[in-house]
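Taken in sequence, the protein lines are chains A and B. Mind the numbering: the first sequence is residues 189 to 962 in the working numbering, read in order. Mind the numbering: the second sequence is residues 48 to 199 in the working numbering, read in order.
Source of the hints: derived by calculation from the structure; they are not laboratory data. Heads up, a few of these hints could be off.
[What the hints assert, rightly or not] Taking lysine-lysine pairs in the DSS-like style, the calculated list, with each CA pair at most 30 Å apart, reads:
#, chain 1, residue 1, chain 2, residue 2
1, B, Lys199, A, Lys909
2, B, Lys133, B, Lys191
3, B, Lys161, A, Lys909
4, B, Lys163, A, Lys848
5, A, Lys804, B, Lys191
6, A, Lys536, A, Lys392
7, A, Lys400, B, Lys195
8, A, Lys400, B, Lys161
9, A, Lys364, A, Lys392
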Amino acid sequence: MSYPLNKSGQGIAIESGAPSVLRPALSRRAFMASLSAGSLVLATRFASGASVSLVGSSALDFEPDLFVSIDPTGLVTILAHRSEMGTGIRTALPMVVADELGADWERVVIEQSIGDARTGSQNTDGSQSVRGFYDRMRIAGATARRMLEQAAAQEWGVDAEECNASEHKVTHKASKRSLGFGELVEAASKLDVPAPQSLRMRDKKEYRIVGKNVPLTDMDGLLDGSAKFGIDARLDGQLYAVIARSPVLGGTLVNYDSDAALAVDGVVEVLEIPPFEAPHSFQALGGVAVVATNTWAAIQGRKALAVEWEAGPNGAFESKAFEAELAESARTPGRVCRDEGDAVAALKDADPADVFSADYYVPFLAHAPMEPPCALANVELNSDGQVTHCEVWTATQNPQAAQGILAGTLGIPPEQAIVNVTLLGGGFGRKSKPDYVAEAAILSRDLGAPVHVTWTREDDIRHDYYHTVGAVHMQAVQDKQGKPTAWLQRSAFPPITSTFVAGARDGGAGEMGMGFTDLPYALDHLRVENSPASAHLRIGWLRSVAHIYHAFGVCSFPDELAHRAGKEPLSYLLELLGEDRHLKLDGVQYSNGGESMEDYPIDIARLRHVTERAAKLAGWGRKLPKGKGLGIACHRSFLSYCATVVEVDVSKSGVLSITKVSSVIDAGTVIHPDRVKAQMEGAAVFGTSLAVHGEITAKDGAVIESNFDTYPLARMNDAPKEIQVEIVENDAPPGGVGEVGVPPFAPALCNAIFAATGKRVRRLPIRHHDLSWS
Amino acid sequence: MSEIRVNGQTHEIQTDPDMPLLWVLRDVLGMQGTKYGCGIGQCGSCTVHLAGQAVKACSLPVSAVGDLEVTTIEGLSTDGQHPVQKAWREHGVPQCGYCQVGQMMAAAALLTSKPKPTDADIDRGMSGNLCRCGTYTRVRAAIKTAGKEMAK
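Take the sequences, apply the hints, and build the full model.
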């Protein structure tokens, strides 16, 4: 999800719109200079003017587009500008370029872009990399192809239309002549770059790479341990830092024992990072940094600091008390976000016996990527104290936001901040927020040396931008057949806006549009509302964002209504979806992921299709003994459609086993099917973690959980035993993938638990519930 | 000054004897394939072999290594072709890949003691290794594939 980052007033880079077609790059493609033995291997693109050692690049290269370059040997270099955190995007988008170009995939190398606004948005979240850049990648490849074909045509004195680039060469079929890409580089470089609207895009059936499960670009390094993540970034002479931060958001530093920390072998410096100014946005939280010659010494030094903090206004925050407050807010009339018919009157006039209400609750969650936030910064100053060089190496989902916070922190223009993007050891939204990059830069500036900041796991769990707690209140009137005739749903949650606007309490249209105002059910009387809630922790977006708590309510409630009416849940759900149609949301503030409702309608037929297929895949309707059960949920998110059936086996004593997950996704055009499948498998496990285990709590304003012992995640022994995935094949424009599988998982699981045991879970996580039965 | 044997090579080190093996590998010896994930032996990202047994390097003081041989991912194979690595490639196991070094080291040790692991063996042997991306079903399948090749 993209947020209006400029609201923070921190000079955050603002998302650009649809990328314009860019002229050939101003600077040479280059691989990063070897900084020191064992330095970063990830190839990196340098900004104009940076001092580089050129490898495999020369003035003789053909650079028709910012994203593609071909050298005289024919080696094709494709720029990857989105961050790789496990989706395979460093493979998928270049596949599109290579296919349009007609390149041999074996002769393609991938280069990672630094933060560079010319590439368009690099904000790798919102499941939008393919959706946002599929066409742009086709243009990059088709531009280069056209020019190579023209160069060959010129050479042979034939019409360019008769020439075709394929398998890394241009062929003139009639005369059976061909020239390799490398041989055409010099002539192609002299041609004008064609306008994108003049390009012929390949037909889908011409594709040789898109749609194939090609090996991942980064596979070898991931298998032999040589792949470099943010935690692995190294420069000669670098120091290692960990930071003590206030346990309570906005707490102030009272006292600490720097001598004790300095007495630890290896500790070289103790220094303060000033506190943030509200709103915190992406600023460094502030605190006391312990800097050492290795990470361990820094951690030991921090233990010796004995920091005292003054908690401040958030010190009274108790998550348990807040839960009751939030549930009450969700039960109290709020701001109307969608209103059809007169649901309020229908509820008021109904016989109370026909009204059913339920309250759902999802607690705060932490991102907990396996690689915690990490950044290496090298900031150099001149004798006047002005920044002359600022370069970071970091695992970031949003290098342009990192440039923005570096600019705001150091007082430099964003373009002066060189942000090298390493591989990410998971992101899930945490690494869209570059507070840790600001920390490293402050320390490097103040110490005059490169500094690597590592967040320990305790730092990560206790100082996250948490997925917000959410309460959802649902009400429906059921007629004699059990069909809902009126429906009211209301959610309350501390909004993400609170991170950028101090004191914000209303759910944004973006959050409300995530699985709530776009409720797909056919209802004559419907009202959707939001009620306010205050934030006392940093709130951020986590994989699937507001869909998590909204889908939990929206996909659990029909199952409850079906059982209450004695109906079969799948047919009840399908009936609730109603006629195949494009959902109209006239008068509703709804962003549709930034896409038009014409290009990306809310297509009930597609939602129905995935639901029916998932049911079939799972063998829905099988007779199962008590203790076993199936649950289903369907949900549109990030412009894609997904349905999931979860099969559980609950022992009499209440031990839950997720025996099988069957998911179907319709994401429109798909580039790399196996990675789509992998994302869906991962979503089932991510969903298990949040549904079964996940809960962040706070007492006296401070988060209690600190590591995987107190914030457990799904493991091999309790993750789903089997996950089957089907991908709907169609030619619709690409939708999202990475987040789409998560929202239906928790409600499908809880619906399955109900089917197995008769026990309804409305408050996550499941581990707090007794599921035993007799 | 003490000595430590890693991947067949002896290194002289001069560190706090309490420093966990993980940080000696990463920050002192510059072998960064082994990853930090939790520091308390809960996630397995730092799994290495000590005399062939899988251990969590984050929780093992370097002084406890003694003269036992340490094997890290850098020493699992010289060419990335250990049966486990091959199976991981075949099944497309990694997503972000961060935990996978630890997963592979745990799997290789498991297969040494249980060449034909049952699902229960895999649950026992692998549940100490967290994967936030959620690759468990592929890890399980890849272990079985690797086991078959190792049995040849």
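Hints violated by the structure (listed by number, smallest first): Hints 6 and 8 are the ones this structure does not satisfy, whereas the remaining hints hold.
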